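Using the hints provided, position chain B relative to the given structure of chain A.
Residue numbers (the UniProt record's numbering), protein chains in the order written: chain A, 1 to 990; chain B, 1 to 368.
All clues stand as given, with none of them false.
Rough simulated footprint, nothing fancy, chain B against chain A, three-plus residues with beta-carbon under 8 Å:
#, stretch
1, 20 to 31
2, 268 to 282
Cut-off 16 Å, straight-line C-alpha distance, at most; resulting in silico cross-link-like pairs (EDC-like, lysine to aspartate or glutamate):
#, chain 1, residue 1, chain 2, residue 2
3, A, K32, B, D210
4, A, K577, A, D860
5, A, K35, B, D213
6, A, K22, B, D211
Facing chain B, according to a computed beta carbon distance under 10 Å, are these residues of chain A, among others:
#, residue
7, S5
8, Q34
9, K35
10, E39
11, R159
12, A161
13, G162
14, E163
15, T164
Derived from the structure by calculation, the hints contain no laboratory data. Computed from a prediction, not measured in an experiment: that's the story for all the values here. Ideal placement from N, C-alpha and C gives every residue a C-beta, glycine not left out.
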Amino acid sequence: MEYFSLKRSADVDRGQSNLSSKVYVRSTKSGKVQKIVRELYLRQDIPCSSNLCRACLHIAPSNYTKKVAPFVLSDTPAGSKNFPNGQYLIPDTNAFLTGMDLFELESAFHDVVVLQTVLEEVKNRSLPLYHRLIALTKNEGKRFYVFFNEFRQETHVHRDAGETINDRNDRAVRKSVQWYNQHIAQAVASRSKKSQRIPSVVMISDDRDNLRKSKADNIPATTLSDFVSGLENADELLDMISAAQERREVRSAKTEVFYPEYFTMSKMMTGVKAGTLHQGIFNVSPYNYLEGSVHVPAFDKSLLILGRENSNRAVSGDLVVVEVLPQDQWKAPSTKIIEEETLNKNDNPEAEDGENVISERERRALQEAVKRVHGQSTEGRPQPTARVVGIIKRNWRQYVGHIDRDSVRSTSKASRTQQTVFLIPMDKRIPKIRIRTRQAGELLGQRVLATIDSWDRDSRYPVGHFVRSLGELESKGAETEALLLEWDVQYRPFPKIVLDCLPAEGHDWKVPASLDDPGWKGRRDLRDLLVCSIDPPGCVDIDDALHARKLPNGNFEVGVHIADVSHFVKPNNAMDKEASQRGTTVYLVDKRIDMLPMLLGTDLCSLKPYVERYAFSVVWEVTPDADLVSVDFTKSVIRSREAFSYEQAQIRIDDRSQQDDLTNGMRHLMKLSKKLKQKRYDAGALNLASPEVKVQTESETSDPVDVQTKKLLDTNSLVEEFMLLANISVAGKNYEAFPQTALLRRHAAPPKTNFEELANQLKIKKGLELRSDSSKALADSLDTCVDSKDPFFNTLVRIMATRCMMSAEYFCAGTQAYPEFRHYGLASEIYTHFTSPIRRYADLEAHRQLAAAIEYEQLDPSLHSKGKLEGVCKNINVRHRNAQMAGRSSIEYYVGQALKGKDMKEEGFVMKIFSNGFVVFVPRFGIEGLIRLRDLATPEPEADFDAESYTLHVKGDVNRSVELFEKVMVRITDEMEESTGKRKVKLSLV
Amino acid sequence: MAPSQHVQVNLSPAELSYLRSSLAQSPPIRLDHTKGPKDFRSMRAEYDVLPGANGSARIALDDGLEALVGVKAEVEKSQRSPRVDEQEHRLTVAAGDMDMQDADDDDTKAKGQNAWVEMSVEIPGFRDEDALPVFLASMLTESLLASGGLKDRLYINRRFHWKLYIDILLLSPALSYPLALLSMTTHLALLTSRLPALKSEKDEDPLFDDDWDASVPLYPKSKGKTKGTQAMDRPPVIVLAMAVDQNIIFDPCKEELAVADAVLAVACTDSTSSPSGAQVIAIRTIDPPSHLTPLGVPNAMNSATGGVVPASTADAITQRELLASSDVWTPPRGGMKRALVGQIVKAVVEKGGVAEEVIQALQSIDVG
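Just chain A, same shape as in the assembly (with noise of 0.2 Å):
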């Protein structure tokens, strides 16, 4: 009988079938365990991508242009003392693990083959380092090249039976290393009959396994280290290299533990679907570095994680998973600073022996808050705490910081022994972090740029790496740079992609003059409006425009112009993506990061003067008594007739010689604002404050000269008013075409208890009583929140009022109910934005739903679904936040500067009581500063502190109380602060 087999017979001639499979199981999000069967197809036509090779160009696939992918290698790689020849480099996973700062390098580098089996096990390892090497093979300059080894016939490596897949993807890697050396030598051979140089192919690789088989094929391979030590600044390169790697073997010896370990990944999810655990991010109060703060979506009110070990290795802004511990350890907030130098200063970073996870001084500082606070009323309440069991997620990014001087040995900047020291982060959350560089002598004194690679049970503190020094602390370019690093700003210059998508006038484009131009179609021609702009002094990017004129039946006409941005930006063009990315545009004191480029935010998108642009207008018709008769979108073309500062249009509108139409205009508008703004505060708008100071600056230089709060003028709210209207009416349009997918911003009611504080704060001290249960009812009590003997008493209530609000959100209206749209703080149904294009990526989108929804063009699919706009929503968040974060902080870096050597006197007001020191806020510089008991004698005087009574009574030679609200005399001087590096204002008691 013939008998024939089902199975395939690949495994009979193996090697030289061109099929192959593989197999492995995939768990899905459901639950199930599939068998996966994978068949590969092994090709000849990988082309090695070398300029050498004349083979590989014939083979190599084309394209449907019938063009070859041009080859990335260089025929010509540069050499080093072993491989004077020149070298094409290999590097295995972890090579690019522990040093991907090092293959980003612009000096060094060049020529590498990023192998497939490499680069699916980076992606598998780390998902940022995988998109960071994704770039690197997109960077035309760094030659990188990604080859298909798994896929290509000769170097397609089959797992022998009993092999742990990293030893069969080391040997994937050899295999190919092997296979370039000889195909690179035969390419070489084949251009010409006379002996060339012919360049090796290295593989990169740490491990000895790896390296002592390589040598025993006579495989050209070699360490990391090793590579970069022939390099030229070899020591500053080698401080870049991971600490990961490094440590496995100084650490072998040592067994003892400091965290608890974290539960198995299936553990934890199990007891989050059990609802046993809690998954959430981890918080680090920036007041008390040992209480973190986890909010977990089955509580209102965050959980407390208090101590080192209860955080267990968890860095602010991980995801982790948490338990809540029994009750009888339940604690309250503390109310004392903790600040993590003070108390840790002498740690050695060297020593590892006798490190105790919570030193005895962190313990003692721990329990005396908590003593201070158990069986106190309503704040003192102890509160549920928690532990980390696990981390599901790292959020680890690069962190700017300076070198604490005291973990120096020797500050000698000849010598180049490797030491470790303490890099102390800006951030005051983030832990200090240990690293090993060669060069600390250099260090001191600089802002410095570094990771963490890993924090292990046995250590206290996490282990990084130096990845590269901003320059001299206090310098104006490394401070500026610092912050932007931390708050994660894109600031580099525009890639030429994105510059490509830009009109091709140029600066010369100008609305087209014939009528009967594509770029007129729809367009209203609104040419003849009497438009001005009102924006701050020297502003170049204007968004909008306004005009206002008197319809005969005694109604107004009244139109915002909004710069049409989405004209010049398309959709899912490369332009539109690094501004979607972007976010917003980055408001620093002296500078500005734009979202689009310079060409369009500053010119053919702003509305200037006097010239012709492109609009997105809404035009209403309102009644004297400012009410809504109709309103209606256009696209259109307007001609400014004047770009006002709100000073020049506030003189204007008072001066009441000035009688033309234009004036006029603008005291209808006037008119009509003050109107809409009775009314928004009539439905409950919240009038909030916050402290906005200005810096002034010495033109050229931009040196900071002097401080100043903003002023506010009518002519403010006047703009802000009918930007409001328009964004509320764009919303309710958009909202009504697109009911699933509009782009719209809430603001949600802040739970009660965010105000309890506050309204006990007030009952206490002041006898008044602060209502939370609508807008209406608190913006309506902060009214009576008035002491008659001190004006500025009500604007630091709204101050302190404001940081209890939930901050507003971009969202997509099918994530939400029709109630959860509401706008909190302007007492508003809907709302979205739409009136900044130029500088918020969310307006564009805004733009683009309108322009389909008043049927000017096509929607983009982009739009229309839910799932990408809500990624979308979910970044433009994110970067809102940061670019407010970094505008603070420049102007805080600002005003240091300015009051740099100054000394002078002020008033400012308690406004927060710790039981070792208390926060007061400086209206005149809209700065606020932390005063300590020790800063006010020395020795630290004792002090009772009443919470009851938001009391703070210091005993000894200073003798007198601080209490909450109390207005004080503090001098001003400016210190370095020693933890984060920064100049700041040091406020003390007078």
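Relative to chain A, chain B alone:
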């Protein structure tokens, strides 16, 4: 028990009679005269023929009968009525109580449920609900579940288990009664089945190693390879035996079945308790097709040969009863004698008996 209406044997009463008498000789002469009473038809077997399945096997007999079996495993949530103490227990586990005692896990036996194994048998020319596939499936399932070993292997933890889908496909037409073939193929498929390796612990949601090479066999192989005699658990196998007069014949072919006095399906497995031979799990008698064969007409009742045709049916029955011991073909009636059953069972389970031989032969396919 399974009616075998499909096995149409086109033999005349005379041929049937001849066949029976040769089988009844001592020693019997089988249709394939080279074979002794305990010899099986030769077969070719291979396993892991379906790459996507957890285990698979295919066996072809040299008479053209061929079967393919695929085994697929899926994770399923266990249905259980949570008792109060269990509920409590589960909570502490999830809360991270690592020193959960295994004491009450002692009942490692009988954790499995019959519903965790699902079998489907497909035979060309038959619908799913036809008697033959249904009976075959239930017989095969019964033997698999009888020992309890298999379903206990499917237990992952209190909350999850594997659900095993065994798909049996007869590739050829059902030329002869395919029970033994299907059983052997299933045996081989199960023997070579692998389950992903479990990484999670205790009652957590199961998490598995994504490396297929790390997967564990459903029936773990014994460590030392000192021939197959030591105790180790293997799936059961069903052996078909028939009796003709005093003779016992194993693995009968279609024609032989047509003259069987009685047919016995013996499900057996390696004995884990006794060191010798195998263990019987289940025995079923099978209604042999010989019951349906046409009667031979004795000369005495055939007018063509000078006999007298009986006047009435009752007459005919009486006459036949009298002629029962003659050589004229009469379909066998009644069951099997006790002593014969005993002999069959003995031949199957004894040391070096049929069962052991079959199981070891299949085992050697896997090992070899």
